[in-house]
Structures are given as structure tokens and as C-alpha cells.
Amino acid sequence: MKLPTCGEAGTNGKVRIRPYMNQYDLEGRTAVITGGAQGIGFAVVKRMLESGASVAIWDRDETVLRACADKLADADRVYCRTADIGVLASVEAATKATLGRYGKVDILINNAALVGPNMPTWEYPPEAFAEVVQVGLNGTFHCCRTVVPHMMERGYGRIVNISSVAGKEGNPNAVAYSSMKAGVIALTKSLGKELADRNIAVNCVTPAVAKTPGAMAQAPEHIAYILGKIPRGRMLELEEAASMICWLATQENSFTTGAVFDLSGGRATY
1 MKLPTCGEAG TNGKVRIRPY MNQYDLEGRT AVITGGAQGI GFAVVKRMLE
51 SGASVAIWDR DETVLRACAD KLADADRVYC RTADIGVLAS VEAATKATLG
101 RYGKVDILIN NAALVGPNMP TWEYPPEAFA EVVQVGLNGT FHCCRTVVPH
151 MMERGYGRIV NISSVAGKEG NPNAVAYSSM KAGVIALTKS LGKELADRNI
201 AVNCVTPAVA KTPGAMAQAP EHIAYILGKI PRGRMLELEE AASMICWLAT
251 QENSFTTGAV FDLSGGRATY
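Position 189 (the sequence shown) corresponds to 189 in our numbering; numbering is contiguous.
I should point out that these hints are in silico values taken from the structure, not numbers from a laboratory.
Note that beta-carbon positions come from the ideal geometry of N, C-alpha and C, so glycine has one too.
Do not take every clue at face value.
Unchecked claim - Estimated spans, in silico, between C-beta atoms of each pair: (1) 103 <-> 221: 33 to 43 Å; (2) 97 <-> 228: 39 to 49 Å; (3) 197 <-> 70: 39 to 49 Å; (4) 156 <-> 266: 27 to 37 Å; (5) 69 <-> 22: 45 to 55 Å; (6) 221 <-> 76: 37 to 47 Å; (7) 154 <-> 82: 24 to 34 Å; (8) 25 <-> 153: 43 to 53 Å; (9) 52 <-> 240: 18 to 28 Å; (10) 233 <-> 194: 37 to 47 Å; (11) 237 <-> 131: 27 to 37 Å; (12) 233 <-> 87: 33 to 43 Å.
Unchecked claim - DMTMM-like mimics (lysine to aspartate or glutamate), calculated; alpha carbons at most 20 Å apart, straight line: (13) 211 <-> 237; (14) 104 <-> 25; (15) 229 <-> 169; (16) 104 <-> 123; (17) 229 <-> 262; (18) 211 <-> 221; (19) 211 <-> 252; (20) 104 <-> 169.
Generate the whole structure from the sequences, applying the supplied hints.
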């Protein structure tokens, strides 16, 4: 069943998928989206469903995941799975379950991450730093390490890692988040080179601040600082991020790999 018409709630509480100017061909593809129950991840879920893909949503928050499942009208092409990507065994179990449901994974969107508190490096709690890195960087590694062998067997794959402009420039009072996102960029470049001759593209995007639950939970003065750095003068729309991410996940993206695609509204200078 095709989803009706992204981002708005219909009168029955289900999500209506809005028609887009450009249509992506993801018919017959299966995608795993970590942290897909909200924010940019959920926007990607909706766009991929509209594009014909089957989607496995991995999220460690059962309450948010359940609410996400309730919103989506197309139950046949959506599989919601509780998974903590910071734990390798949890990723391995989620991968096994997803393969059992769909038989393959064509696309991996590594979106799940924690933002962490806002404070100077010399005051930053070591346990908070470790948790941010464990989920956002180690978790991305866990997912790639587990899913890539299945892509190699099939001779096809598209991986999109969600980094941040903070990973390029480093945001003050966000040492853990900036460090983690910089690591995601380096992981992307390394893995992209390793898989370049296997028809598996690995790229990442570097969004500026968007209205995600994690971003909006930061200190108001920190949000004002990073918003003030964007020449566009506004936040990134979730659907704008989903549009670029979904194109990178298509078969059309057949040459570029190990690359970083800017979503900073003009902030980044490289």
C-alpha cells in the first residue's frame, strides 16, 4: 500500500507523506535507519517510504519507537526494532532480525547520536563525553562493521553517515559532540576507500542545527550561537536533510564515495 501524500499529521493521526518536486527510485530497496523514530531520522523514514523502500527503524527509546510505529500508516514496509547501537551485541541482534524480516539490507543510514551537555572542555563530565562517543561514533562503527559484510555478499550498498558542521569546525562548549562528529567524518572517508571497488558507496552529510529533540534540548544561548553562524539565517528543515540523504542512498549515486556533503546553510567554508 502506498502512503497517501511529508511531515504533517492527518486527521486520523497517521503521517501524511507530502509529494516532492523530485522523486527518488528506492523501489525494492531495504533501508536501516538508526535513531529513526524522531528528528532527521524520522524525516528520512518518511521520504524513503514515499520512494518505495522498506524501512527498518532502530531506536533505543521504546516509548518513542512505539509512538513512531503508531504514526506510520504503511505497516507492511516498516519494521520497528529496539536497538542500542552503542552495544555491539544489540546491533548484531537487530541486524539478524532485520535480515530475517526482509532478507537483505541495501541501505544503512547511521543517524543515531547523543548531543551531550554544553560546557567548557575543562568542566565536561568524563562519563558524558564517553557516552556521546560510545553512541555516535562507536555505534556508527558497530553498525557498519555488522551490516557491511551483508552488502559485500550482495555486491551492492549505500551507507550515509550523519555527521555535523560541528565535526568540521568544532563548536565551543560541545567538545564531545564535535569530537564524535569529526570521528564520523574520518570513519566515512576510511570506509569509503575500503569499499570503493565493491559498488558500496559510503558518504556523510554535515547538517547545521535543525529542530531535532536533541538539538532543541541544548542551552538556549548555545542554540542562539550556532544559529547565528548560519548565513541562511534559519535552521535546517528536516525534510531538506532527508532529501539529500535519500539521494545519496539511491543507485544514482554510483560514483561518489568517501565524501562529505554540506548541509550547513553556508556556514562551512570547506
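Right, here's what the structure says about each hint:
1. For residue 103 paired with residue 221, a C-beta distance near 49 Å fails the hint of 33 to 43 Å.
2. Our hint of 39 to 49 Å for residue 97 and residue 228 holds, since their Cβ atoms are close to 44 Å apart.
3. At about 43 Å, the CB distance of residue 197 to residue 70 agrees with the hint of 39 to 49 Å.
4. Taken as a hint, the range 27 to 37 Å holds for the pair residue 156 and residue 266, whose Cβ atoms sit roughly 34 Å apart.
5. Range check, residue 69 to residue 22: Cβ separation about 28 Å, and the 45 to 55 Å hint is violated.
6. The hint said 37 to 47 Å for the Cβ distance between residue 221 and residue 76, and at roughly 46 Å that hint holds.
7. The given range of 24 to 34 Å is respected by residue 154 and residue 82, whose C-beta atoms sit roughly 26 Å from each other.
8. The beta-carbon spacing between residue 25 and residue 153, approximately 23 Å, falls outside the hinted interval of 43 to 53 Å.
9. Between residue 52 and residue 240 the beta carbon distance is about 21 Å. The supplied range of 18 to 28 Å therefore holds.
10. For residue 233 and residue 194, the Cβ-Cβ distance of about 39 Å falls inside the hinted range of 37 to 47 Å, so the restraint holds.
11. A hinted range of 27 to 37 Å holds for the C-beta pair residue 237 and residue 131, which are about 28 Å apart.
12. Evaluation of the 33 to 43 Å hint for residue 233 and residue 87 yields a pass: the beta carbon distance comes to about 40 Å.
13. Between the alpha carbons of residue 211 and residue 237 the distance comes to roughly 7 Å, so the proposed pair stays at or under 20 Å and holds.
14. With a CA separation close to 17 Å, the supplied pair residue 104 and residue 25 stays within the 20 Å bound.
15. For the suggested pair residue 229 and residue 169, the alpha carbons sit about 11 Å apart, so the restraint of at most 20 Å is met.
16. A distance of roughly 45 Å separates the Cα atoms of residue 104 and residue 123; the hinted pair therefore is violated under the 20 Å criterion.
17. Taking the CA atoms of residue 229 and residue 262, the gap is near 14 Å; set against the 20 Å cutoff, the hint holds.
18. The hinted pair formed by residue 211 and residue 221 meets the criterion: a straight-line CA distance of about 15 Å does not exceed 20 Å.
19. With a C-alpha separation of about 29 Å, the suggested pairing of residue 211 with residue 252 is violated against the 20 Å cut-off.
20. Distance check on the hinted pair: residue 104 and residue 169 sit about 37 Å apart at the alpha-carbon level, beyond 20 Å; violated.
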